[in-house]
Amino acid sequence: DTEVTQTPKHLVMGMTNKKSLKCEQHMGHRAMYWYKQKAKKPPELMFVYSYEKLSINESVPSRFSPECPNSSLLNLHLHALQPEDSALYLCASSQLDLGLSNQPQHFGDGTRLSIL
Amino acid sequence: GESVGLHLPTLSVQEGDNSIINCAYSNSASDYFIWYKQESGKGPQFIIDIRSNMDKRQGQRVTVLLNKTVKHLSLQIAATQPGDSAVYFCAENAFSSGSARQLTFGSGTQLTVLP
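The listed protein sequences correspond, in order, to chains Y and S.
Those letters in the first sequence? Residues 926 to 1041, by our numbering.
Those letters in the second sequence? Residues 9 to 123, by our numbering.
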């Protein structure tokens, strides 16, 4: 079992709906990440949070809105999505690098999102 | 931008044989590399990592080799088992802004273990 928990596991929504994806970790990690993964493709980085502040936004459309309410939680708010947004959305967390210390990212099992 | 890629999209091996999965990277400034295993319906699972000041690192049944001269990374799995069947990604961990690192994945290799 992964130590990064994502809910829901599956989500089907219409293009006019508003929904949220949730991610939780209790490893004390201060960096959290959202990735999008299409079938048979590698994960693509969307957002990075460091110390609960957004540090990287990879030119993601505004219909995706991330939120980091505290050091354990990460949300991704969805509104007016398009069919091409259907994908697996992965959350990850890691310790923050201190100096030359490298820290791997740990992933949840994702939310499988389908847009009708 | 820089890219991390894999030589082979698929690899089939007999159960009990050793597997070698290769990866090429192009960013000479990359200093940290990770191998992930992703099973169907799951998220990527950390296998092993290596820093650029090393050329070899061993784990349980897995070894990662790093050749910085030719920018090549490989994952060796000893005595491959059916449970090793999955997609394997190499990833380059590159410094971006602040102290959170940006992870760039290669295209992945599907490993199939034959009985």
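Treat the hints with caution; some may be incorrect.
Result set (DSSO-like, lysine-lysine): computed pairs, CA atoms no more than 30 Å apart in a straight line [unchecked claim]: (1) Y/K943 - S/K50; (2) S/K50 - Y/K947; (3) S/K50 - Y/K965; (4) Y/K963 - Y/K947; (5) S/K76 - Y/K944; (6) Y/K965 - Y/K947; (7) Y/K944 - Y/K966; (8) Y/K934 - Y/K965; (9) Y/K934 - S/K64; (10) Y/K966 - Y/K947; (11) Y/K934 - S/K79; (12) Y/K947 - S/K76; (13) Y/K978 - S/K64; (14) S/K76 - Y/K966; (15) Y/K947 - S/K79; (16) Y/K978 - Y/K943; (17) Y/K943 - Y/K963; (18) S/K76 - Y/K978; (19) Y/K944 - S/K64; (20) Y/K963 - Y/K978; (21) Y/K934 - S/K76; (22) Y/K934 - Y/K947; (23) Y/K961 - Y/K978; (24) Y/K978 - Y/K934; (25) Y/K944 - S/K79; (26) S/K50 - Y/K961; (27) Y/K966 - Y/K943; (28) Y/K963 - Y/K934.
Pairwise CB distance ranges (calculated) [unchecked claim]: (29) S/A87 - Y/R955: 47 to 55 Å; (30) Y/L979 - S/H80: 42 to 50 Å; (31) Y/L998 - S/Q68: 45 to 53 Å; (32) Y/N942 - S/E47: 39 to 47 Å; (33) Y/L979 - S/A86: 22 to 30 Å; (34) Y/T941 - S/G91: 41 to 49 Å; (35) Y/H1002 - S/E47: 26 to 34 Å; (36) Y/E928 - S/Q110: 19 to 27 Å; (37) Y/L998 - S/K76: 32 to 40 Å; (38) S/T18 - Y/H1002: 31 to 39 Å; (39) Y/E928 - S/E23: 39 to 47 Å; (40) S/A86 - Y/V937: 41 to 49 Å.
Since the hints were made in silico from the structure, they are not lab data.
Even for Gly, the Cβ is constructed at its ideal location relative to N, Cα and C.
We went through each hint and held it up to the structure:
1. Y/K943 - S/K50: 25 Å, holds
2. S/K50 - Y/K947: 16 Å, holds
3. S/K50 - Y/K965: The hint holds at about 13 Å.
4. Y/K963 - Y/K947: 19 Å, holds
5. S/K76 - Y/K944: 45 Å, violated
6. Y/K965 - Y/K947: 24 Å, holds
7. Y/K944 - Y/K966: 25 Å, holds
8. Y/K934 - Y/K965: Between Y/K934 and Y/K965 the Cα gap is close to 19 Å, so the pair holds against 30 Å.
9. Y/K934 - S/K64: Roughly 37 Å separates the two Cα atoms, so the pair is violated.
10. Y/K966 - Y/K947: This hinted pair holds, its Cα atoms lying about 23 Å apart.
11. Y/K934 - S/K79: 37 Å, violated
12. Y/K947 - S/K76: Given that 30 Å is the threshold and the Cα spacing comes to 39 Å, the pair is violated.
13. Y/K978 - S/K64: 36 Å, violated
14. S/K76 - Y/K966: 26 Å, holds
15. Y/K947 - S/K79: 37 Å, violated
16. Y/K978 - Y/K943: Answer holds: Y/K978 to Y/K943 is near 23 Å, not above 30 Å.
17. Y/K943 - Y/K963: 21 Å, holds
18. S/K76 - Y/K978: Violated - the C-alpha atoms of Y/K978 and S/K76 are around 34 Å apart, more than 30 Å.
19. Y/K944 - S/K64: 45 Å, violated
20. Y/K963 - Y/K978: At roughly 27 Å apart (the allowed maximum being 30 Å), Y/K978 and Y/K963 satisfy the hint.
21. Y/K934 - S/K76: With a Cα-Cα distance of about 39 Å, the restraint between Y/K934 and S/K76 is violated, given a limit of 30 Å.
22. Y/K934 - Y/K947: Judged against 30 Å, a Cα distance of about 10 Å means the pair holds.
23. Y/K961 - Y/K978: 20 Å, holds
24. Y/K978 - Y/K934: 26 Å, holds
25. Y/K944 - S/K79: 43 Å, violated
26. S/K50 - Y/K961: 13 Å, holds
27. Y/K966 - Y/K943: 26 Å, holds
28. Y/K963 - Y/K934: At roughly 16 Å apart (the allowed maximum being 30 Å), Y/K934 and Y/K963 satisfy the hint.
29. S/A87 - Y/R955: 47 to 55 Å: 38 Å, violated
30. Y/L979 - S/H80: 42 to 50 Å: 35 Å, violated
31. Y/L998 - S/Q68: 45 to 53 Å: 33 Å, violated
32. Y/N942 - S/E47: 39 to 47 Å: Given a distance of about 30 Å, which is not inside 39 to 47 Å, the answer is violated.
33. Y/L979 - S/A86: 22 to 30 Å: Hint violated: Cβ distance 42 Å, outside 22 to 30 Å.
34. Y/T941 - S/G91: 41 to 49 Å: Since Y/T941 and S/G91 have Cβ atoms about 43 Å apart, the given range 41 to 49 Å holds.
35. Y/H1002 - S/E47: 26 to 34 Å: Holds, since Y/H1002 and S/E47 (Cβ atoms, about 29 Å apart) stay within the stated range.
36. Y/E928 - S/Q110: 19 to 27 Å: 22 Å, holds
37. Y/L998 - S/K76: 32 to 40 Å: 39 Å, holds
38. S/T18 - Y/H1002: 31 to 39 Å: With Cβ atoms ~37 Å apart, the hint holds.
39. Y/E928 - S/E23: 39 to 47 Å: 30 Å, violated
40. S/A86 - Y/V937: 41 to 49 Å: 42 Å, holds
In summary, the structure is inconsistent with hints 5, 9, 11, 12, 13, 15, 18, 19, 21, 25, 29, 30, 31, 32, 33, 39 from the numbered list given earlier, while agreeing with the others.
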